[in-house]
Structures are given as structure tokens and as C-alpha cells.
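Based on the sequences and whatever the hints tell you, model everything.
Protein chains: 2
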Amino acid sequence: MLHPVVLSGGSGTRLWPLSRQNQPKQFLSLIGDRSLYQETVLRASGLPGAQAPVTVCSDDHRFMVGEQLQTVAVPSGGIVLEPMARNTAPAIALAALHVLAGDDDATMLVMPADHLVEDEAAFREAVARATDLAAKDWLVAFGITPDYAETGYGYILRAEELAPGGFRIERFVEKPDLPTAERYLAEGTYAWNSGMFLFRAQRYLDELGRHAPAILAAARAAYATATADLDFIRVGAEAFAASPSDSIDYAVMENTDRAAVVPVSCGWSDIGSWSSLWAVAEHDADGNRHEGDVISVDTRGSLVRASERRLIATIGVEDLVIIDTADATLVARKDRVQDVKTVVDRLKAAGRSEHLFHRKVYRPWGSYDSIGVGPHFQVKRIFVKPGAALSLQKHQHRAEHWVVVSGVAEVTCDDRVFEVRENESTYIPQGSVHRLRNRGSTPVELIEVQSGSYLGEDDIVRLEDVYGRS
Amino acid sequence: MLHPVVLSGGSGTRLWPLSRQNQPKQFLSLIGDRSLYQETVLRASGLPGAQAPVTVCSDDHRFMVGEQLQTVAVPSGGIVLEPMARNTAPAIALAALHVLAGDDDATMLVMPADHLVEDEAAFREAVARATDLAAKDWLVAFGITPDYAETGYGYILRAEELAPGGFRIERFVEKPDLPTAERYLAEGTYAWNSGMFLFRAQRYLDELGRHAPAILAAARAAYATATADLDFIRVGAEAFAASPSDSIDYAVMENTDRAAVVPVSCGWSDIGSWSSLWAVAEHDADGNRHEGDVISVDTRGSLVRASERRLIATIGVEDLVIIDTADATLVARKDRVQDVKTVVDRLKAAGRSEHLFHRKVYRPWGSYDSIGVGPHFQVKRIFVKPGAALSLQKHQHRAEHWVVVSGVAEVTCDDRVFEVRENESTYIPQGSVHRLRNRGSTPVELIEVQSGSYLGEDDIVRLEDVYGRS
Chain A
1 MLHPVVLSGG SGTRLWPLSR QNQPKQFLSL IGDRSLYQET VLRASGLPGA
51 QAPVTVCSDD HRFMVGEQLQ TVAVPSGGIV LEPMARNTAP AIALAALHVL
101 AGDDDATMLV MPADHLVEDE AAFREAVARA TDLAAKDWLV AFGITPDYAE
151 TGYGYILRAE ELAPGGFRIE RFVEKPDLPT AERYLAEGTY AWNSGMFLFR
201 AQRYLDELGR HAPAILAAAR AAYATATADL DFIRVGAEAF AASPSDSIDY
251 AVMENTDRAA VVPVSCGWSD IGSWSSLWAV AEHDADGNRH EGDVISVDTR
301 GSLVRASERR LIATIGVEDL VIIDTADATL VARKDRVQDV KTVVDRLKAA
351 GRSEHLFHRK VYRPWGSYDS IGVGPHFQVK RIFVKPGAAL SLQKHQHRAE
401 HWVVVSGVAE VTCDDRVFEV RENESTYIPQ GSVHRLRNRG STPVELIEVQ
451 SGSYLGEDDI VRLEDVYGRS
Chain B
1 MLHPVVLSGG SGTRLWPLSR QNQPKQFLSL IGDRSLYQET VLRASGLPGA
51 QAPVTVCSDD HRFMVGEQLQ TVAVPSGGIV LEPMARNTAP AIALAALHVL
101 AGDDDATMLV MPADHLVEDE AAFREAVARA TDLAAKDWLV AFGITPDYAE
151 TGYGYILRAE ELAPGGFRIE RFVEKPDLPT AERYLAEGTY AWNSGMFLFR
201 AQRYLDELGR HAPAILAAAR AAYATATADL DFIRVGAEAF AASPSDSIDY
251 AVMENTDRAA VVPVSCGWSD IGSWSSLWAV AEHDADGNRH EGDVISVDTR
301 GSLVRASERR LIATIGVEDL VIIDTADATL VARKDRVQDV KTVVDRLKAA
351 GRSEHLFHRK VYRPWGSYDS IGVGPHFQVK RIFVKPGAAL SLQKHQHRAE
401 HWVVVSGVAE VTCDDRVFEV RENESTYIPQ GSVHRLRNRG STPVELIEVQ
451 SGSYLGEDDI VRLEDVYGRS
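Which chain is which? The protein sequence lines are A and B, in order. What the first sequence shows, in full-length UniProt numbering, is residues 1 to 470, in sequence order. What the second sequence shows, in full-length UniProt numbering, is residues 1 to 470, in sequence order.
Among the clues, some could well be false.
Pairs involving identical chains hold if they fit within one copy or between any two copies, as the list cannot separate such chains.
[Unchecked claim] Calculated lysine to aspartate or glutamate pairs in the DMTMM-like style (CA-CA distance at most 25 Å, straight line):
hint, residue 1, residue 2
1, Lys341, Asp60
2, Lys385, Glu238
3, Lys348, Asp293
4, Lys348, Asp298
5, Lys341, Glu318
6, Lys334, Asp319
7, Lys360, Asp327
8, Lys348, Glu291
9, Lys341, Asp286
10, Lys348, Asp284
11, Lys341, Asp284
12, Lys136, Glu422
13, Lys341, Asp298
14, Lys394, Asp414
15, Lys394, Glu182
16, Lys385, Asp298
17, Lys136, Glu182
18, Lys334, Asp293
19, Lys360, Glu308
20, Lys175, Glu160
21, Lys175, Glu318
22, Lys394, Asp103
Everything labelled a hint here was simulated from the structure, so no lab data went into it.
So, in C-alpha cells, the structure goes:
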């Protein structure tokens with residue numbers, strides 16, 4: 001059976017300031033309302049005979065994965081948590097072990113979570129070709145037929161045809177310089193290495209054991225002690241840490257003699273930068289892509305994205321990328337967006353947090369947004385999902401005032417449990433044990449005013465937590 | 001005696017989004033910590049023998065004028081409120097009547113509130129020359145010696161010298177085209193019309209009566225019914241409305257045969273656009289002027305201004321103006337900033353408010369900032385100055401929760417009066433009569449959560465107000 005495996009390990013910063021470490025590219029709605037991750041799981045689960053997709057992601061993103069799956073009503077085939085980043089070869093090994101546990105003849109379709117595929121029919125047809133090859137024990141890479149001389153991707157050179165539309169791989173080549181990329185394009189036998197693969201799970205493990213036994217051993221040891229926690233599969237962290245960090249390309253595909261490629265032209269993009277997002281998005285007559293509240297005068301070839309409650313006005317500019325968020329705005333020349341990395345490096349070096357978190361932070365129970373700060377106070381706007389509850393907790397250094405502005409909150413404060421309704425408030429004294437819960441069917445929204453000498457997120461003692469965080 | 005008269009009637013939008021109708025250019029800290037208005041009154045009051053400056057401003061800006069005077073400890077010679085805008089000739093007439101009421105030989109130095117003068121010594125020296133001419137009943141315009149061929153100003157052509165450094169005016173000329181401006185510059189007998197004037201108040205009224213009697217009549221009638229309200233002088237609105245709207249240049253200076261010009265080179269700028277602010281500000285080695293939290297990579301010749309709690313990052317851009325505020329950000333090519341007007345026109349046409357108000361709104365008692373809004377609620381951060389009080393008021397459609405985060409608030413709620421201290425809260429039910437007062441010597445800061453079906457600023461009934469607004 002076909003088991004889609006979605007690799008969501010990336011924490012890329014190339015789309016900063018929208019992409020942050022705790023909410024990377026794959027979870028953002030970059031084109032349309034759904035995130036790239038949601039588009040990927042929908043694409044996967046729409047394939048004929050596909051089982052519920054397995055996701056491999058970092059522990060930090062587990063609740064976001066769960067919520068995004070739920071929102072698009074895609075059943076989960078399991079969310080495997082990588083204890084730490086070890087690149088794709090070990091991640092795929094964990095997924096292979098996981099699918100084999102339920103299906104000893106499992107075939108895996110490996111898909112990065114952050115790619116765009118515009119032509120789903122062409123993709124489905126390529127999957128069918130790849131499935132035939134996988135049945136003959138080939139490890140199949142999807143190769144994107146290049147339509148221009150891109151220097152930012154690795155390429156795959158094909159050899160003889162094994163079956164209609166499927167070829168043995170002659171070799172993988174690194175990112176070329178421009179003349180080389182132009183030659184590859186002209187020769188017609190090269191394809192971009194998309195990072196998508198299809199193979200029998202057991203065959204992958206066999207080849208991994210042959211060419212990278214330390215990775216296989218570490219993955220097996222880590223998976224042997226796996227525990228299920230809600231929808232999440234936690235593997236042994238110490239065992240996994242012992243794995244070499246390597247990509248499937250280096251560890252397996254470049255070494256096996258069973259590597260095949262299925263070329264496909266399916267409107268694929270990895271949206272690796274703001275300029276490539278601009279390129280794949282629809283434009284107006286002036287070549288602009290505007291999102292949100294934008295007023296533009298004599299503006300051309302630009303991507304402008306305004307954030308909530310904010311207006312962006314542009315005058316006389318050309319080929320710019322303007323990305324506005326609650327706490328940071330990027331203004332870059334479109335052909336210089338690769339230098340977003342420089343900005344992120346400066347943020348890191350300065351010990352700042354704008355590359356880590358958005359002002360609005362998602363939690364398993366909902367979200368909070370820090371809308372005001374002062375010397376001894378902070379104001380947060382808090383959403384609690386229906387049925388959700390924050391942990392039973394206390395703070396050493398702050399008191400909290402809660403004003404409910406929507407829904408009905410159930411509040412625990414030391415030994416009292418009571419309801420607080422819209423336009424009602426309550427007070428949580430410093431040091432008191434408290435919990436906020438939404439037992440209703442509509443979201444609870446409240447304004448929290450924190451008051452105290454220290455207001456960091458780390459002033460929290462969790463006594464109980466329905467999400468296993470205590 | 002010399003009475004400085006500061007004209008603060010402008011509500012220009014050329015520096016949008018920083019400049020808004022309720023907080024125009026003259027009240028902004030564009031260079032350094034003080035506003036242009038504050039720099040102007042300090043410059044005026046530092047002149048030898050100068051009396052306390054008179055300000056002419058719109059009713060909307062009266063509290064801002066009062067507060068800005070107080071902050072720089074300049075005594076007020078009166079704040080004359082224009083009931084409506086009627087251009088400079090009537091405004092100066094009101095000021096002339098006002099200074100003559102206390103000094104029947106008053107000399108006036110008329111200064112727009114929004115100009116920059118970098119060389120105060122040169123300015124003082126020019127004032128001395130102008131004072132000598134005014135004593136001989138000349139109406140003196142200050143002419144700025146041009147240092148480049150500017151096409152955005154009117155020019156003054158001088159005739160024969162009347163006294164050292166003082167000339168009869170041959171004629172005023174309109175904004176020239178570039179070849180004409182270049183010729184003016186080469187000829188050396190033209191100066192920019194700065195909008196600054198010096199003359200005996202009675203002489204101005206005499207000439208006004210001769211050349212624009214309807215303006216004089218309206219100003220006299222309006223001033224005849226003037227009343228003092230705190231520090232403010234309110235003139236008759238109906239009478240003033242009858243005045244033709246005209247500038248001192250058209251109404252008087254171009255018609256009188258007693259017009260003189262004192263040329264001066266004093267580092268003058270009217271900061272009429274973002275590009276002229278960039279030009280007068282200090283730059284770094286790359287020609288950039290950064291204010292606030294800015295990270296720039298390969299950026300040149302740009303003015304970048306970040307607002308509070310927000311980061312602006314730029315990459316690879318050149319000659320841009322980037323002005324960030326709490327609710328709107330402008331990104332414009334530096335040589336296209338005159339089109340800010342187009343953006344403001346679009347805001348007006350759309351019935352929006354981003355050209356009228358900042359998110360943070362100043363009031364006589366302090367300020368409020370709308371930090372969060374939702375379907376049936378709004379969160380405001382409120383500052384109340386020491387000794388200040390909001391009006392005794394009630395709201396038909398909303399209740400308010402107040403959480404004090406700094407200082408001690410005295411709260412009136414129906415027939416109770418009580419104190420609310422830091423980390424305490426209170427509730428103002430819908431329809432109840434309430435007041436917030438700061439009797440302490442430190443500011444009160446509080447978070448207000450409004451809850452109700454309608455949250456507009458106009459849902460207020462003022463029962464008593466110490467600022468005369470009820």
C-alpha cells in the first residue's frame with residue numbers, strides 16, 4: 001500500500017520575517033488560505049490507494065502539525081517527532097520503520113512539506129509511473145523537467161529507460177554554474193532533484209543498511225523505544241542523536257545501483273525565496289502581487305504583503321519585496337532576497353528573537369499575542385479553542401487580570417472553579433495555582449494584563465497539562 | 001517691543017504617514033527630540049528683547065500647542081484659535097490685534113511653526129536688520145539666499161538697498177521652472193520667499209485695510225468678541241468665517257509699496273517632503289539616515305524610520321524613503337515623495353482615517369493608544385498626566401474594565417469615588433457616570449478593555465470637563 005510520508009523538518013529562514021523558527025515556511029499560507037503543509041497532505045491523501053499520511057517533524061512543531069491536519073480533515077498516519085535534526089536519511093528511516101510496523105509491504109512516497117505543485121494531475125501520473133518502478137525494487141526520485149537554467153538546485157542525469165517514463169539514474173550532480181545549467185537545459189537529459197522520492201520501505205532500509213549502516217542502526221534503536229503520546233510518536237532521543245546527519249541523496253541515492261528517476265513537469269516550486277514566491281504567484285497588470293491592505297502608486301514588479309490592521313503604501317518603486325509582520329518589516333530588492341540570511345544572522349548574533357517567534361505565538365490550546373508591553377506589565381490577547389485548556393500553572397513573579405471578551409471561560413484559581421463570561425473579569429494573584437479552560441463550543445477570547453517585576457515566558461510552573469507539557 | 005507670532009495653522013500631509021491631520025508636521029520630532037514648533041518658539045524667545053510668543057493655531061491642536069510649550073518651558077503670549085482655516089493674512093491680523101491690545105507699538109516677527117533654521121546666529125542678525133527697517137515702517141520679508149535652483153518655492157526680486165542688508169522688494173515671483181530658477185540663482189538678486197516676516201503690527205493692519213479691507217473687517221469683528229479660555233483666545237467664529245481666505249503675500253506684500261526684503265543664509269528649510277528631511281538630516285557613510293530599530297544590508301541614500309517595538313530590515317535598496325508608524329508604512333522612491341499626496345487623496349476618497357489620526361491619540365489629559373480591536377471589544381493603553389482628569393462622562397453602548405499598571409488613579413463611578421492602584425482593577429458598567437483622575441505626581445497608566453455593541457469615540461456624553469470640552 002502507498003504511504004505518503006511528509007517531511008516537515010525544515011526551519012528555514014529564507015522567507016523571514018514571515019517564516020520564523022517556531023512557524024517555518026511549510027506552515028504559512030503563502031498562496032491561498034491553506035499552508036504548504038496542508039496542500040501537501042491533501043495532495044498526498046488524494047492519490048489513489050493512499051493511506052493516511054505520516055508526518056515527520058520537530059517536537060517544536062507537533063501541535064501545529066496536529067492542528068493543521070485537523071483543519072483540512074486529513075487523518076493522520078502518525079506524527080513522528082525527530083528528537084533533533086539529523087537531515088533526511090535518518091528521518092525517512094524512522095518513517096519507514098513506522099509504516100512497516102503496520103504494513104510489511106509498505107511503499108513510501110516521500111514529500112517535503114514545503115513544496116508547491118500546481119499540476120496535480122501530472123503529479124499523480126508521475127506517482128503511478130514511480131509506483132510501477134518501485135514494485136520492481138527501484139528507488140525512484142522525482143525529477144522536475146527544467147524550464148530554465150536554474151543554478152540553485154541539484155540535477156539528476158538520466159541513463160536508459162527502464163519502463164515508459166522511468167529511467168535509471170546515471171548520476172546526481174551538484175548545483176551547477178550558469179553555463180553548466182544552460183547546457184543541462186539544452187541537453188534535455190537532466191532534471192531538477194525535487195527531493196520527492198518513492199520506494200518500498202523495506203528496500204530503502206536495505207539500501208540504507210548497505211551504504212549508511214550507522215544511520216540505520218541509530219534509527220532502529222531510536223524506533224525500538226518509541227512511545228505514542230496523543231497522536232505523536234516519540235522515539236529514543238539518545239539513540240537518534242547517535243545517527244550521522246546526512247541526506248537521502250548522499251547516504252542512499254547516490255550509492256545504490258537501484259536509483260531511478262521519473263521526470264515530471266507539474267508546476268513544481270520549492271518557494272525557496274521571496275522572489276520565487278513572487279514568480280509563482282498571480283500578478284496584476286503591473287507585475288505586482290499584493291496581499292492585505294496595500295495602496296500602491298506607480299509600483300511595478302513587486303511583492304507587497306501587509307499584516308493585519310496595517311497599511312502599506314508604495315510610491316514609484318520597482319522590483320521590491322515588502323513583507324510586513326506585527327513586529328518586523330522587510331524591504332528588499334527582489335534580486336537580493338537571498339540576503340535575508342544576513343539579516344537573520346544579525347538577529348542571531350544580537351541575541352534577538354525576531355527570527356524565532358512571531359508576536360502571535362501558537363500553542364496547543366490556541367494562541368496568544370503580546371499587544372502591549374511596559375516596564376512592569378504586559379498585555380496579551382489570548383484565544384482558547386473550544387474544548388481546550390491551558391495547563392494548571394502558577395507564576396512566581398506576576399499577577400494576571402483576565403477580561404473575557406468572547407465566549408465563556410472556566411477559571412480555576414486555587415481551590416475555586418468558576419465561570420467568567422463576556423464582559424466579566426477575574427484576578428489571578430501572584431503565586432496562585434490557576435487554569436483557564438474553554439468547555440464551550442465557541443472560542444474564548446480574553447485580554448490578559450500581566451503585572452509584576454518579571455514577565456518572561458519561563459516564569460511558569462506547570463502542575464498538570466492535557467498536552468503532556470508538565 | 002518684539003512679539004514673535006508663530007503660525008501653526010498647517011495640517012500638511014506631505015510627511016504622511018508620520019504627519020496626520022490631528023498631529024501635523026510642526027508637532028513632530030523630525031530631527032532631534034524637540035518638535036519643529038518647539039524649536040521655533042525657542043528660537044523666537046531667545047531673540048534679544050523678545051516677548052512671550054503668540055501662537056495662532058487650529059482649535060484641534062490647542063492642547064498639543066499648550067503641552068509642547070510647557071515641555072520646553074516657554075511662556076505663552078497667548079494661543080489664538082482660528083475657528084477655521086483662512087490662510088495667513090487673516091491669521092496674522094488676529095495676532096496683530098492681539099499684540100496691539102497689550103502693546104500699542106508692537107512689532108511682530110511672523111514665523112511659520114514648521115521651518116528648520118540651523119544657523120541661529122545668522123537668523124538673529126537678520127532679525128536685527130529687519131527690526132531696523134520695520135522701525136521705518138517697512139514690511140519686511142525674510143528672503144533665503146538660494147544655494148541651488150529650487151523650483152518648489154516662490155522668489156523675491158530685490159531692488160535698491162534701503163539700509164545695510166535690507167532692500168526694497170521689486171516684485172514677488174511664482175515658483176519658477178528649472179531654467180528660470182537657474183537664472184535666478186545666477187543673477188544673485190533673487191531670494192526664496194521663506195514665509196517669515198517682520199513689521200509693526202499697526203502698519204500691517206493699515207496696509208491690510210488698504211489692500212484687503214474685507215479681511216481686516218472680518219478679523220476686527222472676530223477679535224472684538226474674543227474670549228479667553230484657559231490659555232486660549234477664542235475669536236468670533238461667524239465673523240471670522242466671513243473673511244476672504246488669502247495669504248499675506250497676495251493680500252498685502254505684493255500690493256504695498258513698503259515691502260522690503262532682508263536676505264539671509266541661515267540653514268533654512270521648510271522640510272516640505274521626506275526627501276528634504278533626508279537632505280537636512282545627518283547621514284552615515286552610505287548616505288543613509290536611520291531612526292529607530294533598523295537593520296540595513298547594502299542600503300544607500302535612504303531615509304528609514306522604524307516605529308516603536310518594530311524592526312525595519314532593508315536589503316540592497318537605494319534612494320528609498322521608508323516611514324513606519326503603528327498603523328501604516330510608506331515605501332517610496334526618494335524622488336517620488338511628492339506623490340504622498342496621491343496616497344492621502346486615496347485615503348480620503350475611501351473614507352479612511354489613516355491621514356487624520358495616529359493610532360495613539362493625544363488629549364489634554366494625556367493620550368490613548370488602541371492596541372487591540374475585535375468584533376465587540378477594544379483594548380486601549382491610556383496615560384493620564386499628573387494632575388490631569390478625563391471628563392465626567394458616560395457611554396450608552398459600552399462598559400469598560402480598567403486595570404491600572406502604573407500610578408494611582410482616582411476613579412469616580414456613579415456616586416462612589418475610590419482609588420485604584422497598580423495591579424488593581426475596576427469595572428465601569430454601561431451607562432454609569434464615571435471619571436478618571438490622576439491626583440498623584442507620577443503618570444497613571446492603565447489598560448482599558450471596552451466591551452459593547454458599538455465602540456466609536458462619539459459614544460460619549462461629557463457632563464463636566466476641566467478643559468472646557470463638555
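Hint check:
Within a single copy, lysine 341 and aspartate 60 get their C-alpha atoms as close as 22 Å, which meets the 25 Å cut-off; across copies the closest is 47 Å, which misses it. Taking identical chains as interchangeable, the C-alpha atoms of lysine 385 and glutamate 238 are never at most 25 Å apart, the minima being 35 Å within one chain and 58 Å between chains. For a Cα distance limit of 25 Å, the shortest separation of lysine 348 from aspartate 293 across copies, 15 Å, qualifies, whereas the shortest one inside one copy, 30 Å, does not. Taking the closest pair of Cα atoms, lysine 348 and aspartate 298 come within 25 Å of each other only across two copies (19 Å); inside a single copy the shortest separation is 36 Å, beyond that limit.
When the C-alpha separation of lysine 341 and glutamate 318 is checked against a cutoff of 25 Å, the pair qualifies both within a copy, at 22 Å, and between copies, at 19 Å. Taking CA atoms no more than 25 Å apart as the test, lysine 334 paired with aspartate 319 passes in both settings, with 5 Å inside one copy and 15 Å between copies. In the homo-oligomer, the alpha carbons of lysine 360 and aspartate 327 lie at most 25 Å apart both inside one protomer (10 Å) and across protomers (17 Å), since each shortest distance falls under that limit. With identical chains, the CA atoms of lysine 348 and glutamate 291 are at most 25 Å apart between copies only, with a shortest distance of 21 Å across copies and 28 Å within one.
In this assembly of identical chains, lysine 341 and aspartate 286 lie within 25 Å of each other by CA distance solely across copies; the values are 21 Å between and 28 Å within a copy. Within a single copy, lysine 348 and aspartate 284 get their C-alpha atoms only as close as 36 Å, which misses the 25 Å cut-off; across copies the closest is 24 Å, which meets it. In the homo-oligomer, the alpha carbons of lysine 341 and aspartate 284 lie at most 25 Å apart only across protomers (23 Å), although the nearest pairing inside one protomer, at 29 Å, exceeds that limit. Taking the shortest Cα distances, lysine 136 and glutamate 422 never come within 25 Å of each other, neither inside one copy (63 Å) nor across copies (74 Å).
In the homo-oligomer, the alpha carbons of lysine 341 and aspartate 298 lie at most 25 Å apart only across protomers (13 Å), although the nearest pairing inside one protomer, at 29 Å, exceeds that limit. For a Cα distance limit of 25 Å, the shortest separation of lysine 394 from aspartate 414 inside one copy, 10 Å, qualifies, whereas the shortest one across copies, 36 Å, does not. Within a single copy, lysine 394 and glutamate 182 get their C-alpha atoms no closer than 62 Å, and across copies no closer than 73 Å, so neither meets the 25 Å cut-off. Taking the shortest Cα distances, lysine 385 and aspartate 298 never come within 25 Å of each other, neither inside one copy (43 Å) nor across copies (44 Å).
Taking the shortest alpha-carbon separations for lysine 136 and glutamate 182, neither the intra-copy value of 34 Å nor the inter-copy value of 83 Å comes in at or below 25 Å. Proximity of lysine 334 to aspartate 293 under the C-alpha cut-off of 25 Å is found in both arrangements, the shortest distances being 20 Å within a copy and 22 Å between copies. For the identical chains of this complex, lysine 360 and glutamate 308 are neighbours both inside a copy (11 Å) and across copies (17 Å), given an alpha-carbon limit of 25 Å. Within a single copy, lysine 175 and glutamate 160 get their C-alpha atoms as close as 23 Å, which meets the 25 Å cut-off; across copies the closest is 77 Å, which misses it.
Within a single copy, lysine 175 and glutamate 318 get their C-alpha atoms no closer than 29 Å, and across copies no closer than 31 Å, so neither meets the 25 Å cut-off. Within a single copy, lysine 394 and aspartate 103 get their C-alpha atoms no closer than 45 Å, and across copies no closer than 69 Å, so neither meets the 25 Å cut-off.
Hints 2, 12, 15, 16, 17, 21 and 22 from the list above are not met by this structure, while the remaining hints are.
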